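Quick mapping for you: the protein sequence lines, in order, are chains A and B. Position one of the first sequence corresponds to residue 63 (the working numbering), numbered consecutively onward. Position one of the second sequence corresponds to residue 11 (the working numbering), numbered consecutively onward.
Because the hints were derived from the structure by calculation, they are not lab data. In this text, all values refer to a predicted model and were calculated from it rather than measured experimentally. Among the clues, some could well be false.
Which stretches of chain B does chain A cover? Using the computed rule of at least three CB atoms under 8 Å from a CB of chain A, they are [stated by the list, open to error]:
(1) 75-87
(2) 96-105
(3) 140-154
We put the CB at the ideal spot given by N, CA and C, even for glycine.
Letter by letter, the chains look like this.
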Amino acid sequence: MLETYRGTYFHPRTQFITIDASGNVLESDDILFPVTKGEDISTISAFFEGLSAYFEAEEDNDIKFTCVHLEDQNKREYTCDIEFKTFADATKPTLIIIHDFSDHYKYYQEVAQSRNESVINSQILELKNKYLKEKEDFKNTFIANFSHELRNPLTGVTAFCSVLQKTDMTLEQQDYVEVIKSSADHLKNMIGDILEVSKIEVGKLALNEELFNFHELIEMLEFTYSVKAKQKNLEFEVDFDKKIPKYIEADKTRIKQILENLIENALKFTSSGKVTFSMQANQKRARKVNVNITIKDTGIGIPADKLDVIFHSFTQLNNSKKFKGTGLGLSIVKGLVELMDGKIVVESDEGKGTTFKINMNLKYPINQEQTSLDKKSEIEKKNFLSKEKYSVLLAEDSELAQMAVLKILAQEGNFFLDIITNGEDVIESVIHNEYDLILMDIRMPGTHGDELTKMIRSLPVDNCKTIPILALTANLYDTDKKRYKKMGMTDIIEKPFDESTLLKKVYKYLK
Amino acid sequence: MKKASKKIILLGHFGVGKSSLIRQFVENTFTTDYKVTIGVHILKKEVKISPEETVSLIIWDLEGYDDIRKTRASYLLGTHGFIYVFDVTRPATFENLKDDITYLTNQYANTPLKIVGNKADLVTKTYLKENKDMFAVAPDFFTSAKTGDKVDDMFIALAKELVK
Ligand SMILES: Nc1nc2c(ncn2[C@@H]2O[C@H](COP(=O)(O)OP(=O)(O)O)[C@@H](O)[C@H]2O)c(=O)[nH]1
Ligand SMILES: [Mg+2]
Numbered sequence: 063m064l065e066t067y068r069g070t071y072f073h074p075r076t077q078f079i080t081i082d083a084s085g086n087v088l089e090s091d092d093i094l095f096p097v098t099k100g101e102d103i104s105t106i107s108a109f110f111e112g113l114s115a116y117f118e119a120e121e122d123n124d125i126k127f128t129c130v131h132l133e134d135q136n137k138r139e140y141t142c143d144i145e146f147k148t149f150a151d152a153t154k155p156t157l158i159i160i161h162d163f164s165d166h167y168k169y170y171q172e173v174a175q176s177r178n179e180s181v182i183n184s185q186i187l188e189l190k191n192k193y194l195k196e197k198e199d200f201k202n203t204f205i206a207n208f209s210h211e212l213r214n215p216l217t218g219v220t221a222f223c224s225v226l227q228k229t230d231m232t233l234e235q236q237d238y239v240e241v242i243k244s245s246a247d248h249l250k251n252m253i254g255d256i257l258e259v260s261k262i263e264v265g266k267l268a269l270n271e272e273l274f275n276f277h278e279l280i281e282m283l284e285f286t287y288s289v290k291a292k293q294k295n296l297e298f299e300v301d302f303d304k305k306i307p308k309y310i311e312a313d314k315t316r317i318k319q320i321l322e323n324l325i326e327n328a329l330k331f332t333s334s335g336k337v338t339f340s341m342q343a344n345q346k347r348a349r350k351v352n353v354n355i356t357i358k359d360t361g362i363g364i365p366a367d368k369l370d371v372i373f374h375s376f377t378q379l380n381n382s383k384k385f386k387g388t389g390l391g392l393s394i395v396k397g398l399v400e401l402m403d404g405k406i407v408v409e410s411d412e413g414k415g416t417t418f419k420i421n422m423n424l425k426y427p428i429n430q431e432q433t434s435l436d437k438k439s440e441i442e443k444k445n446f447l448s449k450e451k452y453s454v455l456l457a458e459d460s461e462l463a464q465m466a467v468l469k470i471l472a473q474e475g476n477f478f479l480d481i482i483t484n485g486e487d488v489i490e491s492v493i494h495n496e497y498d499l500i501l502m503d504i505r506m507p508g509t510h511g512d513e514l515t516k517m518i519r520s521l522p523v524d525n526c527k528t529i530p531i532l533a534l535t536a537n538l539y540d541t542d543k544k545r546y547k548k549m550g551m552t553d554i555i556e557k558p559f560d561e562s563t564l565l566k567k568v569y570k571y572l573k
Numbered sequence: 011m012k013k014a015s016k017k018i019i020l021l022g023h024f025g026v027g028k029s030s031l032i033r034q035f036v037e038n039t040f041t042t043d044y045k046v047t048i049g050v051h052i053l054k055k056e057v058k059i060s061p062e063e064t065v066s067l068i069i070w071d072l073e074g075y076d077d078i079r080k081t082r083a084s085y086l087l088g089t090h091g092f093i094y095v096f097d098v099t100r101p102a103t104f105e106n107l108k109d110d111i112t113y114l115t116n117q118y119a120n121t122p123l124k125i126v127g128n129k130a131d132l133v134t135k136t137y138l139k140e141n142k143d144m145f146a147v148a149p150d151f152f153t154s155a156k157t158g159d160k161v162d163d164m165f166i167a168l169a170k171e172l173v174k
């Protein structure tokens with residue numbers, strides 16, 4: 063019976079052929095590819111052409127080719143493994159064994175097909191992404207440069223508002239100035255936001271680490287926002303883990319910015335209930351403490367389908383006038399958190415509230431006790447001035463900026479002010495006068511302010527090495543800032559500046 | 011009339027158009043459908059390289075690998091010429107151009123080799139000119155299996171070199 067079954071169900075898929083030295087068929091069982099005796103084996107397929115070149119005549123050879131596509135006379139395709147056995151003994155003919163593995167290879171073909179297609183698709187995507195990224199970078203650089211140009215004229219507006227407010231005005235006029243000033247401030251903030259987003263996105267924003275009292279910062283936030291919350295009839299709860307070190311080393315301004323932004327947001331979008339700000343310490347390792355920061359509100363919440371876009375630039379879900387802002391806040395927050403190697407996520411229940419969670423590491427000094435950070439506040443310093451009058455050099459070509467500085471300093475009554483509008487004349491003047499401080503515009507006709515500073519620092523006059531030189535500039539790229547410091551500038555005053563910023567910095571450096 | 015039989019092999023990443031180039035050369039057809047080649051297909055075409063000389067090209071169309079060192083060694087036995095194909099629109103297919111070519115010229119020093127940037131129909135001539143530095147080794151031909159541009163030229167140029 064077995065033999066009968068074999069006869070019925072066994073389909074051999076292997077063919078044996080022998081050939082002579084010139085490739086003509088001697089014998090074949092014709093299982094797959096029928097061939098006539100005496101015919102050249104390459105009538106089956108071009109695959110067999112030029113075969114003899116593969117073998118060493120003096121030895122036995124056994125060569126295997128896998129996955130070879132062959133067609134029979136009816137154009138049916140087979141995928142086969144083919145084996146050659148040649149023998150050094152010249153009386154033994156070459157043996158060819160063809161195994162038909164079509165079924166097996168069909169499966170393999172399908173796998174390869176889907177794998178290759180997806181790889182190719184992802185490469186096309188990569189190409190597209192690269193193109194998009196280049197466009198995005200261009201846009202961001204453009205925005206950065208442009209918003210930066212906007213700052214210069216704004217300096218004039220804000221500075222003169224402060225000055226104008228000190229003149230004799232009717233109450234009505236004072237109101238108008240107040241409006242101009244607050245609009246200008248708003249514009250300044252928006253430009254600042256835009257500049258920051260674009261700087262983060264092109265990777266031009268650097269963190270300035272400093273040692274500071276972290277607990278103090280949190281207390282300050284607690285105080286400020288408790289007051290604000292009360293005004294809105296909201297509760298503001300702070301749950302701060304005292305295991306978090308008192309002193310940490312980080313970019314204080316940026317950390318404050320992140321927390322303020324999220325808390326303010328929470329208060330803005332909550333009309334009843336409470337905002338909870340909590341901070342927990344996880345493990346400490348290698349002078350770093352891992353913290354979880356949570357800001358939770360009971361506000362309007364974010365629809366589920368909008369959750370992943372809220373961190374994108376230029377999105378504000380609620381486009382109504384009720385919530386003012388650029389809509390860039392969260393995108394900046396995310397950028398900053400990531401810059402600090404942290405992670406931020408958001409969870410929200412529409413109508414019930416929103417929770418932002420940050421996880422990040424904070425660096426802290428081992429010796430917390432000996433850390434002394436008792437710097438006197440700069441404004442207080444005003445009372446400890448040693449001279450009655452200080453002489454200040456202002457190197458600045460813009461008339462608007464000249465007037466602004468002049469008015470602000472004149473009101474103080476502590477200064478003699480020299481104004482020079484041309485880079486070339488600055489050096490001359492510095493040699494002949496003993497200034498207490500120099501305010502230096504960067505972009506001036508002739509020599510630029512940073513170059514001038516370098517020259518001043520190298521003058522063989524004692525005072526020139528130590529005299530405070532403050533840059534007045536709207537160039538706020540970190541690379542620029544670094545360069546200015548390297549050229550010998552003591553500090554930088556950002557344009558647009560207002561009265562108190564200018565005075566704070568000036569008093570800070572006067573002896 | 012002289013008639014020689016020469017085995018040539020097309021190498022390169024998958025999807026760069028090796029099978030399409032051969033189909034265009036042998037059958038003068040092109041299809042946008044992509045059927046992944048596995049293993050090897052062998053096709054044959056007689057090429058008249060001069061009034062009295064014909065070469066019979068045995069063209070081995072291999073499965074594409076991202077690393078040519080993975081090519082099954084037996085396939086390469088007795089090869090007379092190579093065509094190395096990459097896709098001008100897919101950087102991943104010419105990232106290792108230099109290494110691959112160095113490898114081939116070291117391993118098969120006296121075997122003629124043509125380097126081909128295919129799918130030239132998808133980019134402009136100016137683009138290729140302006141971006142020629144993208145390709146670490148200057149290609150011998152920019153072809154299009156789709157339009158047939160430079161396809162015959164490329165195979166015939168190789169065939170002529172094989173019988174020199
Ligand atoms: N536009 C264009 N498409 C091509 C060209 N050559 C091949 N293709 C397409 O590219 C894909 C892969 O081609 P194929 O010949 O199978 O590549 P192989 O894996 O290297 O053999 C197919 O969809 C072809 O239609 C060409 O010159 N121009
Ligand atoms: Mg193919």
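Checked hints:
Using a Cβ-Cβ cut-off of 8 Å, 4 residues of the stretch 75-87 of chain B lie near chain A, which meets the minimum of three, so the contact claim holds. Check on the stretch 96-105 of chain B: 4 of its residues sit with their Cβ under 8 Å from a Cβ of chain A, so the three-residue criterion for coverage holds. With 0 residues having a beta carbon nearer than 8 Å to a beta carbon of chain A, the stretch 140-154 of chain B misses the requirement of three or more and the stated coverage is violated.
Comparing the model with each numbered hint stated earlier shows that hint 3 is the single one that does not hold.
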